[in-house]
Amino acid sequence: MKERTITYLTDANLITCVIQKDLAEPVLEAAKNAGAQGATISYAQGTGVRERMGLMGVTIDEQKEVIRIIVSQEQSDIIFETMYLAGQLDKPGKGIMFMSALQRVATYIPDDVFEKLG
Amino acid sequence: MPIKYSQYLNAAAVRHRSLSYNSLAPIIDGKGQKPERIKLSFSQVVELMAPYCGLRVLDQLKAVAPLAAYLMLFQLLVLRHPVDSALTLCFGLIAVVIGLAVFMEGLSTGLMPFGTIIGDNLPKKASMFVVLIIIGILGVGVTFAEPAIGALQAFGSSVDVTKAPYLFELLNNWALPLVLMVGAGVGLAAILGTVRFVKGWSLKPMIYLAIFPVFVLTIYAWFDPNLRSVLGLAWDCGAVTTGPVTVPLVLSLGIGIANAAGKGGSSLSGFGVVTMASLFPILAVLILAIFVSFSITPEEIIAAAKTASNVVVEQPSIWDQTPLVEVVLGVRAILPLVLFLMFVLFVVLKSTLPNKMITVYGLTLSILGMCIFNIGLTYGLGAIGSQTGGVLPAAFMEIPVSESSPIFGIMTGLSIVIGFAFILGFGATLAEPALNALGLTVQTLTNGAFKKSMLMYSVAGGVAVGIALGVSKVVLGFDLMKVLLPLYIFGIVLTVFSTEEFVNVAWDSAGVTTGPVTVPLVLAMGLGLGNAVSAIDGFGILSLASICPIVAVLSMGLVIKFIKKKADNPVAV
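Here the protein sequences line up with chains A and B, keeping their order.
Numbering of the first sequence is given in the working numbering, commencing with residue 1 and proceeding in unit increments.
Numbering of the second sequence is given in the working numbering, commencing with residue 1001 and proceeding in unit increments.
Some clues are possibly wrong.
Between beta-carbon pairs, the in silico distance windows are [said to hold, decoys possible]:
#1 A:G38 - B:P1354: 36 to 42 Å
#2 B:G1448 - A:V105: 48 to 54 Å
#3 B:A1069 - A:L85: 32 to 38 Å
#4 A:S100 - B:L1024: 17 to 23 Å
#5 B:S1023 - A:E62: 25 to 31 Å
#6 B:S1202 - A:I41: 43 to 49 Å
#7 A:R52 - B:T1364: 18 to 24 Å
#8 B:L1024 - A:T7: 39 to 45 Å
The calculated DSS-like cross-link candidates involving lysine-lysine, where the alpha carbons are at most 25 Å apart (straight line), are [claimed, not checked]:
#9 B:K1356 - A:K21
#10 B:K1451 - B:K1125
#11 B:K1125 - A:K94
#12 B:K1350 - A:K91
#13 B:K1039 - B:K1356
#14 A:K21 - B:K1350
Partial list, derived from the structure: chain B residues whose beta carbon lies under 8 Å from chain A [said to hold, decoys possible]:
#15 M1049
#16 F1426
#17 L1430
These are computed hints drawn from the structure, not numbers from a lab.
Each residue gets a CB set at the ideal place from its N, CA and C atoms; glycine is no exception.
Let the sequences and hints guide you as you build the complete structure.
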């Protein structure tokens, strides 16, 4: 039987950004420019703030996009900030984002990457 | 320690601070607190409103501005005729943009929730028969609410009574029954479409069955020289009805019902309604026209019109003058639909709305938007369309409005006019957002064999050819039916050989091309052009613009099927 390997990646953080639909594109673009390797996007529906704003709630799109990006701990701060700024989260009604530490990440790691790193 | 330049820049431009979430959401008296209503300062309101309004206005601006600019520039540069009352036109066009933006927002926040709730709950609480009746009545309601239908009524007075008495009679004295009949056609289409959703019927036999009576009545009307002039209007009505109100509202109901019956989820379940909704109104208008022809003779109409014009025109009351008449029309268009939806929701379903305030806001917006759009229709889209249409013949013949006419020789001038129509159709269609969505659906359906861009270009090319054909019909005065009927027969033949999926897409593609901007513009241009060259009527452009994309898409589909087959079974040499 062929031996198989699992490579555990450590020192990884997860950035999750819940943002109004149609604003996701610039956020993704910025994250990739800042070093993010890839992203997972899911569609979701938000609730809460919209209802508590009364009539002004119509200005906020109910449809959200949830962007999830796994980043290295070193890069996490700069990617987080870049995404925040690109998504204009410093303005009202745009979205929310958070970062959490990941215990363990595993995926396909090409052999040549190992060779390069020694 | 060395730091990266980018890190330095970030640190310099972004101020960081921390705040404990505990201080925002604390425990008070041992209990969590229900969040309070959010109060917004003025600057926050501005920050929220600006992108909200901006995006929606921009969407409409993208549809209106290039078309209007194209028409004006063509008139200025090629026809060498100044744009009359340019300032009023601009205000009118701005009204169109704002009106449409407001109306579309009202549609999605106010009217659509009704459609979804009713579609989800109605089949559970009422019998199929009641459901179908409600959908039928709804078809009439949405027709009244369709922005483009107002355009049809508005241009009725420009018809010459002596040349086309029945057309004049229909558009002027029978305007309300006309819209009612169109609505009845849409209602019937909605009923059949829903039954089709639930039973999973094939679209092909329905197309054959719907087209057969249309053909019979058309040929009957064609042999009556007085009725012949009505045909253009009747076939154009089909194109007018499938606009931004009818399609989503009827679809949301139909899909809800199909889901309740356990038949939803098919990628094709949304198709077909548009096709039916563009065929049945033709039938309905033809029936009405034939009914009118039995009840009144052309001589009586002409005599009545003469006495009417001889009578001193009484001072119109303030409600008959612009802009108030547009407001009245707008309210009249939306209110019946809203009242009917409310009746169904509160009385039949005994249900309530999830968010009353936002719904009321949406309904207000849709009425307000309709009024603004109507004003814009009169002063903006309609005015520029009829103006350019009126000056267009200057390219090849002598007309009083233009001193330098004829600018070109007959052949050059005619080809310039037809080329102008072609580009207009091509550009206007590519700008329709619905086309992009349809293209994506088709690409998925055919697993990429039929590319999105290919569909968009074949539909746009079809519409372009259609509008060019229609303009040549008005200018050269050839018989509309001699072109339209063979095209439809050709379309039917292609339908026989095409797969079910493709028939659905192709016949629906005609519906996506006739949005609230294109229809009034093309109608007004056709009628203005018709008056300038003293044609009998300027109708028929839209109907040609509907069938040509159908034929184009069906042929493309067959060609692709043929190529694929050849690639799959290479001939052994």
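Each hint, compared with the structure:
A hinted range of 36 to 42 Å holds for the C-beta pair G38 (chain A) and P1354 (chain B), which are about 37 Å apart. The beta-carbon spacing between G1448 (chain B) and V105 (chain A), approximately 34 Å, falls outside the hinted interval of 48 to 54 Å. Between A1069 (chain B) and L85 (chain A) the C-beta distance comes to about 36 Å, which sits within the given range of 32 to 38 Å. Hint check: S100 (chain A) to L1024 (chain B), Cβ distance near 19 Å, so the stated range 17 to 23 Å holds.
Separation of S1023 (chain B) from E62 (chain A) is about 29 Å and conforms to the stated range, judged on CB atoms against 25 to 31 Å. For S1202 (chain B) and I41 (chain A), the Cβ-Cβ distance of about 37 Å falls outside the hinted range of 43 to 49 Å, so the restraint is violated. Distance hint for R52 (chain A) and T1364 (chain B): a CB-CB separation of about 22 Å, consistent with the stated range 18 to 24 Å. Between L1024 (chain B) and T7 (chain A), the C-beta spacing of about 41 Å keeps the proposed range 39 to 45 Å intact.
For the hint pairing K1356 (chain B) with K21 (chain A), the CA-to-CA distance comes to about 24 Å; that is within 25 Å, so the pair holds. Our distance criterion of 25 Å between C-alpha atoms is broken by K1451 (chain B) and K1125 (chain B), whose separation comes to about 43 Å. Proximity of K1125 (chain B) to K94 (chain A) is assessed by CA-CA distance (about 39 Å); at most 25 Å being required, the pair is judged violated. The straight-line distance between the Cα atoms of K1350 (chain B) and K91 (chain A) is roughly 41 Å, outside the 25 Å bound, and the hint therefore fails.
Distance check on the hinted pair: K1039 (chain B) and K1356 (chain B) sit about 20 Å apart at the alpha-carbon level, within 25 Å; holds. Annotation: proposed proximity of K21 (chain A) to K1350 (chain B) is violated, straight-line Cα distance about 34 Å (limit 25 Å). About 6 Å separates the beta-carbon of M1049 (chain B) from the nearest beta-carbon of chain A, less than 8 Å, and the hint is met. Hint status for F1426 (chain B): violated, given a least beta-carbon distance of 28 Å to chain A, over 8 Å.
At a threshold of 8 Å, the smallest CB-CB gap from L1430 (chain B) to chain A is about 21 Å, leaving the interface hint violated.
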